[in-house]
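These protein sequence lines map, in sequence, to chains L and Y.
Position one of the first sequence corresponds to residue 1 (our numbering), numbered consecutively onward.
Position one of the second sequence corresponds to residue 1 (our numbering), numbered consecutively onward.
Think of the hints as simulated: they come from the structure by calculation, not from any bench.
For glycine and all other residues, C-beta sits at the position ideal for the given N, C-alpha and C.
Treat the hints loosely; a few may be bogus.
To be verified - Derived DSS-like pairs: lysine-lysine, alpha-carbon spacing no greater than 30 Å straight-line:
1. L/54 - Y/559
2. L/71 - L/54
3. L/121 - Y/330
4. L/95 - Y/330
5. L/95 - Y/559
6. Y/104 - L/95
7. Y/423 - L/95
8. Y/66 - Y/104
9. Y/104 - L/96
10. Y/330 - L/96
11. Y/507 - Y/559
12. Y/426 - Y/287
13. L/96 - Y/66
14. Y/77 - L/95
15. L/39 - Y/708
16. L/96 - L/54
17. L/54 - Y/708
18. Y/66 - L/95
19. Y/422 - Y/507
Claimed, not checked - Among chain Y residues calculated to face chain L with C-beta under 8 Å, some are:
20. 60
21. 71
22. 151
23. 258
24. 262
25. 323
26. 326
27. 332
28. 334
29. 378
30. 388
31. 390
32. 462
33. 561
34. 786
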Amino acid sequence: MKKVTLSLLCLLFALGGTYSQAQITNWTAFENLNDSLRKERRPLLVFIHTDWCKYCKMMEIKTFANPQLAKVLNQQYYCLHLDAEDTRTLSFLNKKYKFKPSGVETGVHELAELLGNDKGKLTYPTTVFFDQNLQLQGRIVGVIDRQRLQAIVAK
Amino acid sequence: MRIPFVWSFSFVAPYHSLTDSNSMNKIYLSLAFLLVQIVAFSQTGSVRGTITVKGKPLEFATAAFKATQYGTTTDEKGVFEIKNVKYGSYQLVISAIGYRTISKSVTISEAKFFQELTLQTDELENSLAEVVVTGTMKEVSKLESPVPVEIYTPVFFKRNPVPNLFESLQNINGVRPQLNCNVCNTGDIHINGLEGPYTMIMIDGMPIVSGLSTVYGLSGIPSALIERVEIVKGPASTLYGSEAVGGLINVITKKPSSAPLISVDVMGTTWSEFNTDLGIKFKLGEKVQSLFGLNYFNFQVPTDKNGDGFTDITLQNRISLFNKVSFDRKNNRLFTIGGRYVYENRWGGQTNWTPKYRGGDELYAETIYTKRWEMIGAYQLPIKEKITFQFSANGHNQDSFYGTTPYNAQQYIGFGQFTWDKKLGKSHDLLLGTALRYTYYDDNTPATALDGSNAPSKIALPGIFVQDEIALKPNHKLLLGLRYDYNSVHGNILTPRLNYKWTSTNKRNVLRASIGNGYRVANVFTEDHAALTGARKVEFTEELKPERSWNGNINYVRKFFLADGSFIGLDATAFYTYFNNRIIPDYLTDPNKIIYSNLNGNAVSRGISLNIDFSLTNGLKLMAGATAMNVFQRQDDGSGELVKQTQLLTEKFTGVWSVSYSFPQIALTIDYTGNLYGPMKLPILGPLDPRPEYSPWWSLQNIQLTKKFNNGVEIYGGVKNLLNFTPTRDAIARAFDPFDKQVTFDATGQVVPTANNPYALTFDPSYVYAPNQGIRGFVGVRYNLFR
Chain L
1 MKKVTLSLLC LLFALGGTYS QAQITNWTAF ENLNDSLRKE RRPLLVFIHT
51 DWCKYCKMME IKTFANPQLA KVLNQQYYCL HLDAEDTRTL SFLNKKYKFK
101 PSGVETGVHE LAELLGNDKG KLTYPTTVFF DQNLQLQGRI VGVIDRQRLQ
151 AIVAK
Chain Y
1 MRIPFVWSFS FVAPYHSLTD SNSMNKIYLS LAFLLVQIVA FSQTGSVRGT
51 ITVKGKPLEF ATAAFKATQY GTTTDEKGVF EIKNVKYGSY QLVISAIGYR
101 TISKSVTISE AKFFQELTLQ TDELENSLAE VVVTGTMKEV SKLESPVPVE
151 IYTPVFFKRN PVPNLFESLQ NINGVRPQLN CNVCNTGDIH INGLEGPYTM
201 IMIDGMPIVS GLSTVYGLSG IPSALIERVE IVKGPASTLY GSEAVGGLIN
251 VITKKPSSAP LISVDVMGTT WSEFNTDLGI KFKLGEKVQS LFGLNYFNFQ
301 VPTDKNGDGF TDITLQNRIS LFNKVSFDRK NNRLFTIGGR YVYENRWGGQ
351 TNWTPKYRGG DELYAETIYT KRWEMIGAYQ LPIKEKITFQ FSANGHNQDS
401 FYGTTPYNAQ QYIGFGQFTW DKKLGKSHDL LLGTALRYTY YDDNTPATAL
451 DGSNAPSKIA LPGIFVQDEI ALKPNHKLLL GLRYDYNSVH GNILTPRLNY
501 KWTSTNKRNV LRASIGNGYR VANVFTEDHA ALTGARKVEF TEELKPERSW
551 NGNINYVRKF FLADGSFIGL DATAFYTYFN NRIIPDYLTD PNKIIYSNLN
601 GNAVSRGISL NIDFSLTNGL KLMAGATAMN VFQRQDDGSG ELVKQTQLLT
651 EKFTGVWSVS YSFPQIALTI DYTGNLYGPM KLPILGPLDP RPEYSPWWSL
701 QNIQLTKKFN NGVEIYGGVK NLLNFTPTRD AIARAFDPFD KQVTFDATGQ
751 VVPTANNPYA LTFDPSYVYA PNQGIRGFVG VRYNLFR
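Sequences are here, hints too, so could you generate the full structure?
Laid out in C-alpha cells, this is it:
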C-alpha cells in the first residue's frame, strides 16, 4: 500500500508542471489605493472572493491571468483583491473597515458585505465596478470569463 | 450625473440604495454659499466646492450633477471643481461610500456662471465609523492552515437531498454514517474507519461536546442556513480536545448578510417519509441578529417489503429547533450563542407492534424516546488581547426499550474554554488555552452501579493546551500542539499533535502531513447500540482502560485550471492509525453475548483515499472519491502469538460519486449520485449459521431533477436507490422468534440445533450492512426569500 501511495503522489507531482507566467493582473493593495488615486483617478474593480471558493480561484487564473486582459486592466483600472474572510482591518477611500466574526474562526469582512451584498446575499465571487468618479457602477455575481470582462472594460 | 449604464450585465445598483441600505454615516450639512463672479467666455460655467467632515476635508467624495455626464471627485483638500458646465439648473449630488448622499440645487447662468460652495458635515458614530484598531485580530485563513480542510457547500448536499446532515455525509468520501442496528437504525459517523467518538462536531467553530450520540448534533440546521461544512480528516488541532484524532466536522452557518430572510424546504417520498426544513433570519434588536431553524421529520407507516415480519426502516417522529443569536459589539468582538432542542420518538420491530406492547415479551420492538438540549457560545473578552471564552452545555435523556431490556440514560455535560491568540514576531502564531469539561452520566445498567446501588459517573476533565503555528518560509508552515488533560478517573492524558504544510509558489500544489495521538474513554452503552439490543447479553471481562491511538495522515492537493476554463482538483490522502487498548466488542465467541474488553494486542486502521473534482465550463460537474482501507486487529491468542483478524462491519473499499449537469437556458439541473461498498465481514452466529460471512458488493444510486424559478422557488424530485438494492431478508436472524422462546439452550447456555432451529441461531439484528429501504421516489419544493 505504501508503494501505491508513493507512486500516486509521484504521479500527481509529475502532473503538476508549472504554467508559464505572462502578464497577469496587478492587484493594488488597499493601503496603496489612496496614493494611486491621488496620482491618477481611474475606475476601480474590486474582486470579492474567499480562499475556499474554487470558482474564485478559477476566475483568478482564467480571467485575471489572461495577458491581453491583464494589460488593459493594468493600464486603465485599479484592481483590488478583497478576501471576504480577511481578518485585517482594511482602509478603502479613507474609511476603515473591519472583520466581523460570526463564530470562532468564521466571519465576514465589513467591506465585502458593504460592496458585495446583492439583494441581501453575498455570493463569491462578486466583482464590483466603480467609475473614475468613484461612483459604484454595478456588480457581477459569479465567474466572469475573459471575453465578458474584456467587453466590459472596453466600454 | 447620469451614471452611464452601458454594460450588458444585469444588475446595477443605484448608489443611494447601497449607502442607505447599509445605514451608513449620516452627514449633517450646513451649506454656506459664496458667489464669485468671473468673466464668462462662452455659454458654460463652473462650480467649485469644498467638502468637509468634522472640519476635516473629505477626500474621494463624488460630486456630480444628477442625470448628466458632469462629475468629478474631491482631492486631498476636499476640493472639487466641475468645469465647462452648460448653463442650466442642476441637482448637485455629493456622495461618498460610508456617508449619506446629499444634494443641492445649483443654477449656472450668465449671472452665476461660477459658484463656490463650502459643505460642512458632522459625522455620527455608527458601526462603520472609524474606531481604534486593536491590531490583535489574526486568524489564518482556511487554506493557509497546515491542517487539511475539505469544504462542502449546500449545493453539494442538495444533489442527494436527505432529511438531515447526518445522512448527507454519506456523499463524502471517507466519511460514513454507519448504521449500527437493523431494527432501531441508529448510527454514528466514521471518518476513515475511526468510530464516532473520535470525531468532533462543531457549529461555527464552537464544539458540541458530547458523548451520548453525536448524531443528533447534525440535525435541526436547515440546509438553507448552512454556508458550508468543513471536514478535517485525521488529527485536528489540540484545541479540539484529545479525542478529535479521527477528524472534525464544522458546520458554518450563514452570516446575517447572506442568509435568506425565510427559507422553506418540504420533501416527501413514496414511502410516506415527510421532511420539513424552515429557516428564518430576524433582528431581535438594533444590534442583535438571530438565525432560527426548524426541522421536522415524520415516518409513520410500518413497512415490511422483505417479509421478515419486521419494519424495514425505523418509524420516526423528530422535531429539532435551532436558534443562533449574534450580538454586534464594539470593535466587532465576537459574542454568539446558539441553542438547540431535539425531541425524537422512534421505534422499529414487528410490524403489528403498538406502544402498548412497550417493554413486553409479546411483540418485539426497539423503542427510543430522546430529549436533548444544547447550548453553545463564544464570547471575546473586552480587552486588547484576543481572549475568547467558549462554552457549551447539553443534556440528553434517553428512555428506551430494546425488546424487554430497558435502557434509560441521562447525560449532562458542561464545558468551558479560554483561548488566547497571540502573534509573536512575524512567524509565530501562538494559541494558549485552558478547558474544563464536566460529565454526569447515569443509566439503569451495571455501568453506573456500585455494590448494588446506583452510582452515576461524574468525570471532571480539566486541561491546558498550547499551539504554535510557525511560518518557516513562505511555502512552509508547521503547527505544533501539546495538550494535557487530567481525567478524574483515568489520570493524566498527554496528546501531542504536529501538522506540516508545503505550498508550491503557484499555490496549485499543497502537501500536508499530520501526526497525533488521541484517547477516549468508551461508554459502550452510549456508543454502541448493539450493546443494548436485548438479543445479546453484555459482558465486561475487565475494567475498561482508555483506548489510545496514534494517527498519521499525508495529504496532497493538486489543482488544474484548463485553458477552456474548466477546473480539475485532485486530493489524495494516506492514513494510518495504530491503537492500544482498543475496546473491541466480541460477537463471535458466544452468539448470545457481546463481550467487551481492551484488546490484548493492537489494532490498525490504514488506507488511502482519492478525490477527484471536475467542473467543466459546459455545465458538467463531477465529483468522485474512493477509499481503500484495511482495518484489523492483532490479538494475543493466549500463547503470546498475535493473530490477525479483520474488523467486523468495516468494508475494505468504498466509492462515492456525484455527477451534475445544468441546462442554464431552462434552469434545470440533473444530478446522479451514488455509493459503492465493498464486502464487509459480518457477525454470524456460530458455525452453522447459513448466512454468508461477508456482505456482497452493493451500491446505492440516486437520480434527481431540479427546476429553478425566478421567484425563489425550486422544485426537485427523483428516484432513490435506483438499483433497488436491499439486504437479504434473513439479515435479522430468527425474526419470527424475537424472544428466543423456541430456542433450546444446553447447560452451558449454548444453542442446541433442533428441528425448528436447524442452524442453532438466536434472534439477532446485528447482521447489518445496508439499509432495508428499496427504490422510492421523492419530490420536494424549496423557497428562499432574500431581502
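Status of each hint after checking the structure:
Distance hint between residue 54 of chain L and residue 559 of chain Y is fulfilled; the C-alpha atoms sit about 10 Å from each other, no more than 30 Å. Restraint check: the Cα-Cα separation between residue 71 of chain L and residue 54 of chain L comes to about 24 Å, which is no more than 30 Å; the hinted pair holds. Between residue 121 of chain L and residue 330 of chain Y, the direct Cα distance comes to roughly 24 Å. Compliance with the 30 Å bound is thereby established for this hinted pair. Under the criterion of a C-alpha separation no larger than 30 Å, the hint pairing residue 95 of chain L with residue 330 of chain Y is consistent with the structure, at around 17 Å.
Only pairs whose Cα atoms come within 30 Å are accepted, and residue 95 of chain L paired with residue 559 of chain Y is rejected, the gap being roughly 37 Å. With a C-alpha separation of about 24 Å, the suggested pair residue 104 of chain Y and residue 95 of chain L falls inside the 30 Å cut-off, and the hint holds. With a CA separation close to 26 Å, the supplied pair residue 423 of chain Y and residue 95 of chain L stays within the 30 Å bound. In summary, the hint linking residue 66 of chain Y to residue 104 of chain Y is supported, as the alpha carbons are separated by about 10 Å, within the 30 Å threshold.
This hinted pair checks out: residue 104 of chain Y and residue 96 of chain L have alpha carbons roughly 28 Å apart, not beyond 30 Å. The suggested pairing of residue 330 of chain Y with residue 96 of chain L holds, with an alpha-carbon distance near 14 Å, which does not exceed 30 Å. Among the hinted pairs, residue 507 of chain Y with residue 559 of chain Y is consistent with the structure: their alpha-carbon atoms are about 9 Å apart, no more than 30 Å. The suggested pairing of residue 426 of chain Y with residue 287 of chain Y is violated, with an alpha-carbon distance near 35 Å, which exceeds 30 Å.
Our distance criterion of 30 Å between C-alpha atoms is met by residue 96 of chain L and residue 66 of chain Y, whose separation comes to about 28 Å. The straight-line distance between the Cα atoms of residue 77 of chain Y and residue 95 of chain L is roughly 16 Å, inside the 30 Å bound, and the hint therefore holds. As the CA atoms of residue 39 of chain L and residue 708 of chain Y are separated by approximately 48 Å, the hinted pair breaks the 30 Å bound. Straight-line distance between C-alpha atoms of residue 96 of chain L and residue 54 of chain L comes to about 28 Å, which keeps the hinted pair within the 30 Å bound.
Taken as a hint, the residue 54 of chain L and residue 708 of chain Y pair is honoured in the structure, with Cα atoms around 23 Å apart against an allowance of 30 Å. For the hint pairing residue 66 of chain Y with residue 95 of chain L, the CA-to-CA distance comes to about 25 Å; that is within 30 Å, so the pair holds. At most 30 Å may separate the alpha-carbon atoms for a hinted pair to count; residue 422 of chain Y and residue 507 of chain Y meet this at roughly 27 Å. Hint status for residue 60 of chain Y: holds, given a least beta-carbon distance of 4 Å to chain L, under 8 Å.
Annotation: interface hint on residue 71 of chain Y holds; nearest CB of chain L at approximately 4 Å, less than 8 Å. Against a cut-off of 8 Å between C-beta atoms, the interface hint on residue 151 of chain Y holds, since the closest Cβ of chain L lies about 5 Å away. Taking 8 Å as the C-beta contact cut-off toward chain L, the hint placing residue 258 of chain Y at the interface holds, the least distance being around 4 Å. Of the supplied interface hints, the one on residue 262 of chain Y is violated, with its beta-carbon coming no nearer than about 11 Å to a beta-carbon of chain L, more than 8 Å.
At about 14 Å, the closest approach between the beta carbon of residue 323 of chain Y and any beta carbon in chain L exceeds 8 Å, and the interface hint on this residue is violated. A least Cβ separation of about 6 Å between residue 326 of chain Y and chain L falls short of the 8 Å threshold, and the interface hint therefore holds. For the restraint placing residue 332 of chain Y at the interface with chain L, the shortest Cβ-Cβ distance is roughly 5 Å, inside the 8 Å limit, so the hint holds. Taking 8 Å as the C-beta cut-off, the interface hint given for residue 334 of chain Y holds, the closest approach to chain L being about 4 Å.
Hint status for residue 378 of chain Y: holds, given a least beta-carbon distance of 5 Å to chain L, under 8 Å. Given hint, residue 388 of chain Y at the interface with chain L, holds; its Cβ is 7 Å from that chain's nearest Cβ, closer than 8 Å. The beta carbon of residue 390 of chain Y comes within 6 Å of a beta carbon in chain L, closer than 8 Å, and the hint placing it at the interface holds. Checking residue 462 of chain Y against chain L: minimum C-beta separation of about 20 Å lies over 8 Å; hint violated.
Taking 8 Å as the C-beta contact cut-off toward chain L, the hint placing residue 561 of chain Y at the interface holds, the least distance being around 4 Å. Restraint check, residue 786 of chain Y versus chain L: the minimum CB separation of about 4 Å is within 8 Å; hint holds.
Comparing the model with each earlier hint shows violations of hints 5, 12, 15, 24, 25 and 32; every other hint is respected.
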